[in-house]
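There are 2 protein chains.
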Amino acid sequence: MDMMFHCLGYKPRPQILLGTFIHSKNRDELEYLHNSAVAVDWQGTICAVVKDRGSAGVARDVVLRTLGWGIDDVDIIECLEGQFFFPGFVDTHVHASQYPNVGIFGKTTLLDWLDKYTFPLESSLADLAKARRVYAACIRRTLAHGTTTASYYATIDVRATNLLVDLCLSIGQRAFVGRVCMDRKGLCRDFYRDESPEASIRATEATIAYIGQVDPGYQLVSPILTPRFAPACSTEAMKGLAKIQKEKSLFVQTHVSENKGEVQLVKDMFPESSSYTAVYDDHGLLTDKTVLAHAVHLTEAEAALVAQRGSKVSHCPCSNSSLSSGDAGVRWMWERGIDVGLGTDMSGGYSPSILEAARQATLTSRHLAMQIEDGERRERCKLTVEESLYLATRGGAICLGLGDKVGGFEVGKQLDAQLIGLGIVESDGLRAGEVTMDWIDAGNVDIFGWETWEEKIAKWLYNGDDRNTKMVWVQGRLVHTRR
Amino acid sequence: MDMMFHCLGYKPRPQILLGTFIHSKNRDELEYLHNSAVAVDWQGTICAVVKDRGSAGVARDVVLRTLGWGIDDVDIIECLEGQFFFPGFVDTHVHASQYPNVGIFGKTTLLDWLDKYTFPLESSLADLAKARRVYAACIRRTLAHGTTTASYYATIDVRATNLLVDLCLSIGQRAFVGRVCMDRKGLCRDFYRDESPEASIRATEATIAYIGQVDPGYQLVSPILTPRFAPACSTEAMKGLAKIQKEKSLFVQTHVSENKGEVQLVKDMFPESSSYTAVYDDHGLLTDKTVLAHAVHLTEAEAALVAQRGSKVSHCPCSNSSLSSGDAGVRWMWERGIDVGLGTDMSGGYSPSILEAARQATLTSRHLAMQIEDGERRERCKLTVEESLYLATRGGAICLGLGDKVGGFEVGKQLDAQLIGLGIVESDGLRAGEVTMDWIDAGNVDIFGWETWEEKIAKWLYNGDDRNTKMVWVQGRLVHTRR
Numbered sequence: 001m002d003m004m005f006h007c008l009g010y011k012p013r014p015q016i017l018l019g020t021f022i023h024s025k026n027r028d029e030l031e032y033l034h035n036s037a038v039a040v041d042w043q044g045t046i047c048a049v050v051k052d053r054g055s056a057g058v059a060r061d062v063v064l065r066t067l068g069w070g071i072d073d074v075d076i077i078e079c080l081e082g083q084f085f086f087p088g089f090v091d092t093h094v095h096a097s098q099y100p101n102v103g104i105f106g107k108t109t110l111l112d113w114l115d116k117y118t119f120p121l122e123s124s125l126a127d128l129a130k131a132r133r134v135y136a137a138c139i140r141r142t143l144a145h146g147t148t149t150a151s152y153y154a155t156i157d158v159r160a161t162n163l164l165v166d167l168c169l170s171i172g173q174r175a176f177v178g179r180v181c182m183d184r185k186g187l188c189r190d191f192y193r194d195e196s197p198e199a200s201i202r203a204t205e206a207t208i209a210y211i212g213q214v215d216p217g218y219q220l221v222s223p224i225l226t227p228r229f230a231p232a233c234s235t236e237a238m239k240g241l242a243k244i245q246k247e248k249s250l251f252v253q254t255h256v257s258e259n260k261g262e263v264q265l266v267k268d269m270f271p272e273s274s275s276y277t278a279v280y281d282d283h284g285l286l287t288d289k290t291v292l293a294h295a296v297h298l299t300e301a302e303a304a305l306v307a308q309r310g311s312k313v314s315h316c317p318c319s320n321s322s323l324s325s326g327d328a329g330v331r332w333m334w335e336r337g338i339d340v341g342l343g344t345d346m347s348g349g350y351s352p353s354i355l356e357a358a359r360q361a362t363l364t365s366r367h368l369a370m371q372i373e374d375g376e377r378r379e380r381c382k383l384t385v386e387e388s389l390y391l392a393t394r395g396g397a398i399c400l401g402l403g404d405k406v407g408g409f410e411v412g413k414q415l416d417a418q419l420i421g422l423g424i425v426e427s428d429g430l431r432a433g434e435v436t437m438d439w440i441d442a443g444n445v446d447i448f449g450w451e452t453w454e455e456k457i458a459k460w461l462y463n464g465d466d467r468n469t470k471m472v473w474v475q476g477r478l479v480h481t482r483r
Numbered sequence: 001m002d003m004m005f006h007c008l009g010y011k012p013r014p015q016i017l018l019g020t021f022i023h024s025k026n027r028d029e030l031e032y033l034h035n036s037a038v039a040v041d042w043q044g045t046i047c048a049v050v051k052d053r054g055s056a057g058v059a060r061d062v063v064l065r066t067l068g069w070g071i072d073d074v075d076i077i078e079c080l081e082g083q084f085f086f087p088g089f090v091d092t093h094v095h096a097s098q099y100p101n102v103g104i105f106g107k108t109t110l111l112d113w114l115d116k117y118t119f120p121l122e123s124s125l126a127d128l129a130k131a132r133r134v135y136a137a138c139i140r141r142t143l144a145h146g147t148t149t150a151s152y153y154a155t156i157d158v159r160a161t162n163l164l165v166d167l168c169l170s171i172g173q174r175a176f177v178g179r180v181c182m183d184r185k186g187l188c189r190d191f192y193r194d195e196s197p198e199a200s201i202r203a204t205e206a207t208i209a210y211i212g213q214v215d216p217g218y219q220l221v222s223p224i225l226t227p228r229f230a231p232a233c234s235t236e237a238m239k240g241l242a243k244i245q246k247e248k249s250l251f252v253q254t255h256v257s258e259n260k261g262e263v264q265l266v267k268d269m270f271p272e273s274s275s276y277t278a279v280y281d282d283h284g285l286l287t288d289k290t291v292l293a294h295a296v297h298l299t300e301a302e303a304a305l306v307a308q309r310g311s312k313v314s315h316c317p318c319s320n321s322s323l324s325s326g327d328a329g330v331r332w333m334w335e336r337g338i339d340v341g342l343g344t345d346m347s348g349g350y351s352p353s354i355l356e357a358a359r360q361a362t363l364t365s366r367h368l369a370m371q372i373e374d375g376e377r378r379e380r381c382k383l384t385v386e387e388s389l390y391l392a393t394r395g396g397a398i399c400l401g402l403g404d405k406v407g408g409f410e411v412g413k414q415l416d417a418q419l420i421g422l423g424i425v426e427s428d429g430l431r432a433g434e435v436t437m438d439w440i441d442a443g444n445v446d447i448f449g450w451e452t453w454e455e456k457i458a459k460w461l462y463n464g465d466d467r468n469t470k471m472v473w474v475q476g477r478l479v480h481t482r483r
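Top to bottom, those sequences are chains V and R.
In case it helps, the numbering used here puts the first sequence at residues 1 to 483.
In case it helps, the numbering used here puts the second sequence at residues 1 to 483.
Simulated from the structure, these hints should not be mistaken for laboratory data.
Only a predicted model underlies this, so the values are computations on that prediction, with no experimental measurement involved.
Just so it is clear, CB atoms sit at the ideal spot from N, CA and C, and this is done for glycine as well.
Each hint should be verified, as a subset may be incorrect.
Here are the simulated BS3-like pairs of lysine-lysine, each with C-alpha atoms no more than 27 Å apart in a straight line [to be verified]: (1) V:Lys107 <-> R:Lys107; (2) R:Lys25 <-> V:Lys382; (3) V:Lys456 <-> R:Lys116; (4) R:Lys185 <-> V:Lys470; (5) R:Lys116 <-> R:Lys25; (6) V:Lys260 <-> R:Lys248; (7) R:Lys116 <-> V:Lys382; (8) V:Lys382 <-> V:Lys25; (9) R:Lys116 <-> R:Lys248; (10) R:Lys382 <-> V:Lys107; (11) R:Lys130 <-> V:Lys107; (12) R:Lys185 <-> R:Lys470; (13) R:Lys456 <-> V:Lys130; (14) V:Lys130 <-> V:Lys289; (15) R:Lys382 <-> V:Lys382; (16) V:Lys25 <-> R:Lys239; (17) R:Lys456 <-> R:Lys470; (18) V:Lys456 <-> R:Lys107; (19) V:Lys185 <-> V:Lys116; (20) V:Lys456 <-> R:Lys130; (21) V:Lys116 <-> R:Lys382; (22) V:Lys116 <-> R:Lys456; (23) R:Lys107 <-> V:Lys382; (24) V:Lys405 <-> V:Lys25.
Examples of chain V residues toward chain R, derived with CB under 10 Å [as the list claims (entries may be wrong)]: (25) Asp52; (26) Pro352; (27) Gly429.
Not the full set, but computed from the structure, chain V residues with beta-carbon under 10 Å of chain R [to be verified]: (28) Tyr135; (29) Thr235; (30) Gln308; (31) Gly310; (32) Ser351; (33) Met370; (34) Asn444.
Let the sequences and hints guide you as you build the complete structure.
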């Protein structure tokens, strides 16, 4: 566990967080806890939550008394007026290897985008110095946006994938790291392809073994089986991965039904399967530990199959809009019993921010709603602020099997959290701290003081960015801080 | 002209800007000028442009020689490696009075949104201290995002509207300022309505007169006639405004065809007019100086009428998505000969940023494209990076009659511009300047160094924010700067 001590500000002492805590109570509601305290043991586990006392000081004293801690034995982090603690974000689908290409997609759609932008960049990361630069930038950037857990696609390269593992551990981000399996000739170009199904499986096993060595018990980083998507994988490779999945009970991530051309391609390539989703099922990869990215064009039968298998969906609204893939219906999936989380899907998606993904999820739901004639169904289709923030936290945690571990402030969970601060507008229209010597850029959320907490959260969702994320903890460790 | 001296950094000296300049060559293309110089006289007018020399120094010397200026007589602003000058943004539709409500809209659509959120806030700005706080915050915030020209809706209150004029002048933003005319009982609530058509006209004239006093010749701030939208205005008031328009040749701004319910309402209220657009035409308000916001649901006949009259459209994609109004087709309007600009439409739109509006314009065009079967039409529907930045600058300038005055770097234009800087990723994945004592937050655009200029611009469009806008000039005056 030595690597933990490399992390910024890590101190193996218990901590007490004091002030306002906001998290999802359920899919529809946020819970607002004021004058509250959350105690975290030295291993990063929440061991007490004291809610709604007369003041933060009272809450602190209750915690100290209850746990028998002395005030000198703990670190106290108290949020300022208007600040609040929020669970860290969970990014259920992100290609770390594509990070340098964010925003670069032109008018392409999925299949030409892969060829034009994506495969050349990914293959170039066999250069480990380049991979280090790209992966470190991606991890630091997403952490700065409050992403405490990320499910990463790396590349086909084992050494570069293992480097991504090392960087997650040393910088301190919780992650699933998947070496990308893609061995099928034709769609996969010769310059960037696993040589054979056997090579694909061997390389996958090598990364799994590596993670087992550097993070035994998968405390921070877990392997995740990553068949890129059906058209890129041979039947043998998919079956091999399914065998590993069964043996080791690992998570699986892949893409499904992102784009109509891709759906047709899968139909042509796998005539024996009844649908795109069925291809994965027929190969043993549709499990309750499978995260399917996009799922834009699922049929009713496919949705029923996904729900039956307990597989999850990563909703990637920025990507789906950018690559003109389509509008995925979160409400539609929820109504069919499918768990959904959010993915940035960089670089199909342009933004490293899950807050932006949550924002775009609300907008995508409105684009869908606009196409619905029936008034009641139209209204229901729209996602609320609360629902989109649920997707960003607990929803994502559930997709990655972390529902008991992260996503809210409850005893027994890990402290994967962020401290959020919003800007305060002074009487002359300037922001507090803006013109002092110690210039502070409080970001774009301007609070005038008359807003309810619900309104403050809405303002944060729609204009917030990494400047509002003042501190980030993963497993209780402070892994990011800004002025 | 005394007020000019209040502005941050105003110096009545000529300036020479050196380095890379990027602006729209036409709707489809950006022009990239490297090692170039733009000379600006003490009144803020560009008086020389020297393009593509061996170095910035050579360009500077050519300018000095050509103009006969001594190097000690001018201020030199040279952009750093990777930085560039870009025209200031033009926001063709923004309600300054709604600024505190950005992000607050819930599941409402236009008509209930007006009642629930908008009218109560707008009416409260009769309190001038509150108005000062709100308007100053709005101007500072939009300037920080590079908006050098804004076409503002204020409120019905003359004093508060005049205060907005004062603040634009003192802070230094080019603006059109409109007192909102809304006198029709029913849709307009009694607590927030002009008392009569005559009162509406009188109040409008009072603001026009005020602007004429404080900014004779409308150097920086111009009045703009602002019938809120047809359902809020009596026939008499609209005709009165049309009379003023003809006499004084002023600009007009209003809303058209934003939402289906509103379209139906107009049909019911104005049965004698053949369409929503025709209502304005029938009242003499559809001129070549009229800016129509939204225009989401225009019919072919309406588009033809708009084009025939030479009226302009302000495209407000953030707002149209947030309030589920619909997807307006920019390409569709262009093909019908209509000039289009971008509007933030705060607070129907959640963002103060025209860069965000440009980004969302590209995404909205893709949401529209997704609904088109025909492949060629579908591809054409999508807006490019270049087209969206044209909308943000020259497109908007043309809408507001400023096509000869701002929007690009040409001799005779005013210097309404911004200096853009992007982040540079170092070998360890950190950003340049991030961990030095003098901590710099370079924003979210990470440049690795291998990107083409076209790719840098795409990255800026999709991940840029106010942190990338390092300096802003209006009429040659430096009105915003950041570390």
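Evaluation of the provided hints:
no., hint, in the structure
1, V:Lys107 <-> R:Lys107, "violated (31 Å)"
2, R:Lys25 <-> V:Lys382, "violated (40 Å)"
3, V:Lys456 <-> R:Lys116, "holds (17 Å)"
4, R:Lys185 <-> V:Lys470, "violated (48 Å)"
5, R:Lys116 <-> R:Lys25, "violated (44 Å)"
6, V:Lys260 <-> R:Lys248, "violated (55 Å)"
7, R:Lys116 <-> V:Lys382, "holds (18 Å)"
8, V:Lys382 <-> V:Lys25, "holds (19 Å)"
9, R:Lys116 <-> R:Lys248, "violated (36 Å)"
10, R:Lys382 <-> V:Lys107, "holds (7 Å)"
11, R:Lys130 <-> V:Lys107, "violated (45 Å)"
12, R:Lys185 <-> R:Lys470, "violated (47 Å)"
13, R:Lys456 <-> V:Lys130, "holds (19 Å)"
14, V:Lys130 <-> V:Lys289, "violated (32 Å)"
15, R:Lys382 <-> V:Lys382, "holds (24 Å)"
16, V:Lys25 <-> R:Lys239, "violated (54 Å)"
17, R:Lys456 <-> R:Lys470, "holds (16 Å)"
18, V:Lys456 <-> R:Lys107, "holds (16 Å)"
19, V:Lys185 <-> V:Lys116, "holds (17 Å)"
20, V:Lys456 <-> R:Lys130, "holds (19 Å)"
21, V:Lys116 <-> R:Lys382, "holds (18 Å)"
22, V:Lys116 <-> R:Lys456, "holds (17 Å)"
23, R:Lys107 <-> V:Lys382, "holds (7 Å)"
24, V:Lys405 <-> V:Lys25, "holds (15 Å)"
25, Asp52, "violated (25 Å)"
26, Pro352, "holds (7 Å)"
27, Gly429, "holds (2 Å)"
28, Tyr135, "holds (7 Å)"
29, Thr235, "violated (32 Å)"
30, Gln308, "violated (29 Å)"
31, Gly310, "violated (30 Å)"
32, Ser351, "holds (6 Å)"
33, Met370, "holds (5 Å)"
34, Asn444, "holds (7 Å)"
Consistency note: the structure conflicts with the earlier hints numbered 1, 2, 4, 5, 6, 9, 11, 12, 14, 16, 25, 29, 30, 31.
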